[in-house]
Amino acid sequence: MSAVAKIGARPFAVATVLVVGNDPEVEALLLRILDPGSWAIQRAADNAAAFLLAQKKGFDLILTSQKTSGREDIELLRKIRRVRPHTRLIILTDESTPSDVIASMRERAFSYFSKPFSMNALAAMIRMAVEEPCWDDGIDVLSATPEWIRILVRCDMKTADRVVQFMDEIAELPNPERHQVGMAFREMLMNAIEHGGKFDPTQNIEIGYVRARHMVTCRITDPGDGFSLDEIPHAAVANPTDDPVRHIDYRQTHGMRPGGFGVLMAQKLVDELIYSQDGNDVLLVKYIGIDATQKA
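So for the sequence shown, this note's numbering puts the first residue at 2; every next one is plus one.
Derived from the structure by calculation, the hints contain no laboratory data. What you were told as hints is all true, and nothing was included just to trick you.
Restricting the straight-line Cα-Cα distance to at most 30 Å, the calculated cross-link-like pairs of lysine-lysine (DSBU-like) are:
hint, residue 1, residue 2
1, Lys159, Lys58
2, Lys57, Lys80
3, Lys68, Lys159
4, Lys80, Lys159
5, Lys58, Lys80
6, Lys269, Lys116
7, Lys68, Lys116
8, Lys68, Lys57
9, Lys159, Lys199
10, Lys116, Lys159
11, Lys80, Lys116
12, Lys269, Lys159
13, Lys68, Lys58
14, Lys269, Lys199
15, Lys80, Lys68
Given the structure is predicted, the values throughout are model-derived calculations rather than measurements.
Please model the entire structure based on the sequences and the hints provided.
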């Protein structure tokens, strides 16, 4: 049995995934996660052939070839969406820039992966793409350059996972800083959606991202009433020193999901974590290429 669970059978017609190019690893992944009785895989040699097929019929999901550039795939998406407005397309590419990723968000790509990427992460995104009944109104680009981005994100966890993947592609950071910023950003975004937005899909989170020469900042603003770090019993950061796991009992008693370490974790991953007076606006700061004496 594969470690990647198959997506369950659909009650009606067989759905179709269109795969552009010839990538044995991607096709093997699809065969592992899609139930063969409910899903069919169709292939197109290149983007031109994919567009001709998409004109003739709608596909439930399209995966581009890793051998094309992000810009070429965005143009394919733009053309397809003129005839199939709600097409779900995941861009796979070996040539990408932050500008390409931003353009893909504007054109409402479902997701974006450039080499090298995790096949497990791609599997999770494919699963989300084929299971979600409504998706393409959850991410709105307010303004964007590769250095300064503002977006609105719908208050639900799956939309947040898509945003995290897009932002990871945009962030041209060295490792381990890229991983650290990505983890901290995800934790704070999930906190904003859960505690500020209350999982209400009619509400939005505003995200601001700035990439300076020696610094990256992420600002997350939620629609909630805010809070004080001293008065959040569901979070580990508020535990007294003599009871370091008090928040676990609180979360269990109030029916909250396991967790509560988000703020504490983010504080360890970035250089500065700053909350506004009301607590519904948080700024993450990570310095790049600066040692401890320069930060001070």
